[in-house]
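Asks: Chains as they are written, first to last, in numbering that gives the first Met the number 0: chain A, 0 to 371; chain B, 0 to 371.
In short, the hints are calculated from the structure, not lab data. One should not assume that every hint holds.
As the list claims (entries may be wrong) - Cβ-to-Cβ under 8 Å is the rule here; a few derived chain A residues that face chain B:
| id | residue |
| --- | --- |
| 1 | ARG324 |
| 2 | PRO334 |
| 3 | GLU336 |
| 4 | ASN338 |
| 5 | PHE347 |
Unchecked claim - Below, simulated DSS-like cross-link-like pairs (lysine-lysine); rule was C-alpha separation at most 30 Å, straight line:
| id | chain 1 | residue 1 | chain 2 | residue 2 |
| --- | --- | --- | --- | --- |
| 6 | A | LYS351 | B | LYS365 |
| 7 | A | LYS303 | B | LYS171 |
| 8 | B | LYS303 | A | LYS171 |
Quick reminder that beta carbons are idealized off the backbone N, C-alpha and C, glycines included.
Number of protein chains: 2
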Amino acid sequence: MKQSRDEFFLKKCLALARKGCGLVSPNPMVGAVISKGNRMIGWGWHRGYGLPHAEVEALAMAGPKAKGATLYVNLEPCCHYGKTPPCTDAIIKAGIRKVVFSTIDPNPFVNGKSIRILESQGVSVRYGILEKESNELNETYFTYINKKRPFISLKWAMSVDGKIANEKGESKWITSDEARQYNRRLRFEYDAILTGINTIIRDDPLLDFCLPAYAAKKEITSRKRYYKIILDSNLRMPLSSRVLNTSAKLIIFTKKGIRSGMYPDNVELIGIDEIEEGLLDIRQVISHLYGIGVGKLLVEGGTKVLTSFWRFNLFDRIYAFIGARILGGTAVYPPLEGNIIPLDSGEFLCIKEVVRFSTDLLLVLKNVLGNN
Amino acid sequence: MKQSRDEFFLKKCLALARKGCGLVSPNPMVGAVISKGNRMIGWGWHRGYGLPHAEVEALAMAGPKAKGATLYVNLEPCCHYGKTPPCTDAIIKAGIRKVVFSTIDPNPFVNGKSIRILESQGVSVRYGILEKESNELNETYFTYINKKRPFISLKWAMSVDGKIANEKGESKWITSDEARQYNRRLRFEYDAILTGINTIIRDDPLLDFCLPAYAAKKEITSRKRYYKIILDSNLRMPLSSRVLNTSAKLIIFTKKGIRSGMYPDNVELIGIDEIEEGLLDIRQVISHLYGIGVGKLLVEGGTKVLTSFWRFNLFDRIYAFIGARILGGTAVYPPLEGNIIPLDSGEFLCIKEVVRFSTDLLLVLKNVLGNN
Chain A
0 MKQSRDEFFL
10 KKCLALARKG
20 CGLVSPNPMV
30 GAVISKGNRM
40 IGWGWHRGYG
50 LPHAEVEALA
60 MAGPKAKGAT
70 LYVNLEPCCH
80 YGKTPPCTDA
90 IIKAGIRKVV
100 FSTIDPNPFV
110 NGKSIRILES
120 QGVSVRYGIL
130 EKESNELNET
140 YFTYINKKRP
150 FISLKWAMSV
160 DGKIANEKGE
170 SKWITSDEAR
180 QYNRRLRFEY
190 DAILTGINTI
200 IRDDPLLDFC
210 LPAYAAKKEI
220 TSRKRYYKII
230 LDSNLRMPLS
240 SRVLNTSAKL
250 IIFTKKGIRS
260 GMYPDNVELI
270 GIDEIEEGLL
280 DIRQVISHLY
290 GIGVGKLLVE
300 GGTKVLTSFW
310 RFNLFDRIYA
320 FIGARILGGT
330 AVYPPLEGNI
340 IPLDSGEFLC
350 IKEVVRFSTD
360 LLLVLKNVLG
370 NN
Chain B
0 MKQSRDEFFL
10 KKCLALARKG
20 CGLVSPNPMV
30 GAVISKGNRM
40 IGWGWHRGYG
50 LPHAEVEALA
60 MAGPKAKGAT
70 LYVNLEPCCH
80 YGKTPPCTDA
90 IIKAGIRKVV
100 FSTIDPNPFV
110 NGKSIRILES
120 QGVSVRYGIL
130 EKESNELNET
140 YFTYINKKRP
150 FISLKWAMSV
160 DGKIANEKGE
170 SKWITSDEAR
180 QYNRRLRFEY
190 DAILTGINTI
200 IRDDPLLDFC
210 LPAYAAKKEI
220 TSRKRYYKII
230 LDSNLRMPLS
240 SRVLNTSAKL
250 IIFTKKGIRS
260 GMYPDNVELI
270 GIDEIEEGLL
280 DIRQVISHLY
290 GIGVGKLLVE
300 GGTKVLTSFW
310 RFNLFDRIYA
320 FIGARILGGT
330 AVYPPLEGNI
340 IPLDSGEFLC
350 IKEVVRFSTD
360 LLLVLKNVLG
370 NN
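One chain only, chain A, in its complex shape:
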């Protein structure tokens, strides 16, 4: 298929942007290219939360040659003071003649304002090209801005007979090491991982991520934000838990009025309401996480924790790992209980991706039921 020069360079921007995956949230992933004719004279991407924007990186690379050039970027340049000064200022100052971008930034501080600012300074602006691809790339950012909550993914691993634990409640391990390794790399894309106290007591997991191959540079990955979140109504968390003894920020949500124990400095206790005995109000958890800038949340709980998100339809994506094994037994732990969807509703999720491992499958589903 023939593609225009604009499409060509915007695809480069999208590819550059992806290099920031897992490192920039709740900021969007952004890549920028500066070209004169068919030549790329500068490029860059947003490398990490708090670091310079893609446009600034690309302008720095192009230097004085940026004068009269075209700047490509997948998201509308910012025009406000955030962690860094406005990109519109830098673009105008560098003498860029034309800006081409894919998607308007829904952030109310931006939201189309940059177009007017740039045009008023004689910079011509074109946008809306590769908008679908750009929206897809920053799906999580748009959720964060538009719904004022993190993008939420539920993850579980079940047997081919539909169980996430055996009769004794054991779930170590339903999938193979290969699939679990893949899951640890998935965690890197998230700002926070959440689980329930039962999982902590039973499995004593570290909840750590693995670095994917694209994120090799230590000066960048050391900046990664990663919260471990535990739902623990009655503060049953054992002091010996492995998860307590890592340097990662740990937040434990309990019911209000629970006295804190002797926990290390990296642990924060937050009291919230219960909706019933032993079941915390997940909406307050979500709201708190939004407040501290968690843009992407991965939920890896048992039936109870997963269901508490399903109860309020608070999820955007599902990672269902399916181990090619049978558990059998009658005391059943399904991934989700709670709300019942009638069979004749026609409410299917959207299959986004299927990943095949030697003895497992990963089904990635998008929530298209319309959520909160």
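Given the structure of chain A, go ahead and fit chain B onto it with the hints provided.
Replies: Using the frame of chain A, we list chain B on its own:
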């Protein structure tokens, strides 16, 4: 990859053999090619149960030119009188100089005997080429011969939260029409479909198959053998059931001593033992089906029927359809209950195939746990 002339022609044989899929069981699928040098002068396949063997079809096509030629066939030619006369006789009579085949026929009436018969008449024999592919193709036949029972496949459709029915026991429909259509074409590959009386009462299914595209010719497909089997301990089968009112052979297994009702001529009632109240001894069912020449059995039951096969590890394959939908709810129908496999056993099934539909997935698994 370079392939020899023998491999080339045997691959043709395998492709021809596949055309008999669904029509020849419990016979094996067999294709034959007769060549002189690089030229194919005759070919054929076993088109249907009771019809001529592939070798005879190929010889008929080659006619007198078969003299001095080489015959390729994926399975050892037969040397006994079954439904048709021995192929070894026809091969010798036609003056074939050389026979090349893939796999020795484990049928005790054959089992290598043809090699000696052909060689004693001056026909040279080579075998063992593409044996793996040939064994895979006739996996069901080898099970039938070696284990003296039908090849058994369990099929279910579950939601992404692992349920084959909702709280009310309803399962119409968990998957989309596209997946169900695929399943009806799968049924064509089987000689019998088995389900439980609860499914009949609740869903009133026809249990019919659909013709796949390769099986268009009516004179062939009209010969297809297809039994519908119902497990119905207490003979609760309603006379109004749609499945009673088709022309297909219907076998109803009940517990011993149940009096027969007023059923049509195409219905056979067979009394067997129960292993507990309401649970028929599946081993007796299997044994009876073997006796009447059912080579491939597809089990499409609810939890109880599927579990009764799992209880004795009586299955060779699983078709797990997964609809991209959530059912929710706490009263759970998992695909299998019964026997418990410990998580640390490392007993994974083998993923044979993954088929993706718009809103569903099909996971085809092979039982490599070692079964009965």
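Asks: Evaluate each hint against the coordinates.
Replies: The hints, checked one at a time:
Annotation: ARG324(A) was flagged as interfacial toward chain B, and the flag holds, the nearest CB pair being 5 Å apart, inside 8 Å. A distance limit of 8 Å between C-beta atoms decides the matter here; for PRO334(A) the minimum to chain B is near 5 Å, and the interface restraint holds. With its C-beta approaching chain B no nearer than about 5 Å, GLU336(A) sits inside the 8 Å limit, and its interface hint holds. A distance limit of 8 Å between C-beta atoms decides the matter here; for ASN338(A) the minimum to chain B is near 5 Å, and the interface restraint holds.
A least Cβ separation of about 4 Å between PHE347(A) and chain B falls short of the 8 Å threshold, and the interface hint therefore holds. Our distance criterion of 30 Å between C-alpha atoms is met by LYS351(A) and LYS365(B), whose separation comes to about 26 Å. For a cut-off of 30 Å, the pair hint linking LYS303(A) to LYS171(B) stands: about 27 Å separates their Cα positions. For the hint linking LYS303(B) to LYS171(A), the alpha-carbon distance of about 27 Å falls within 30 Å, and the restraint holds.
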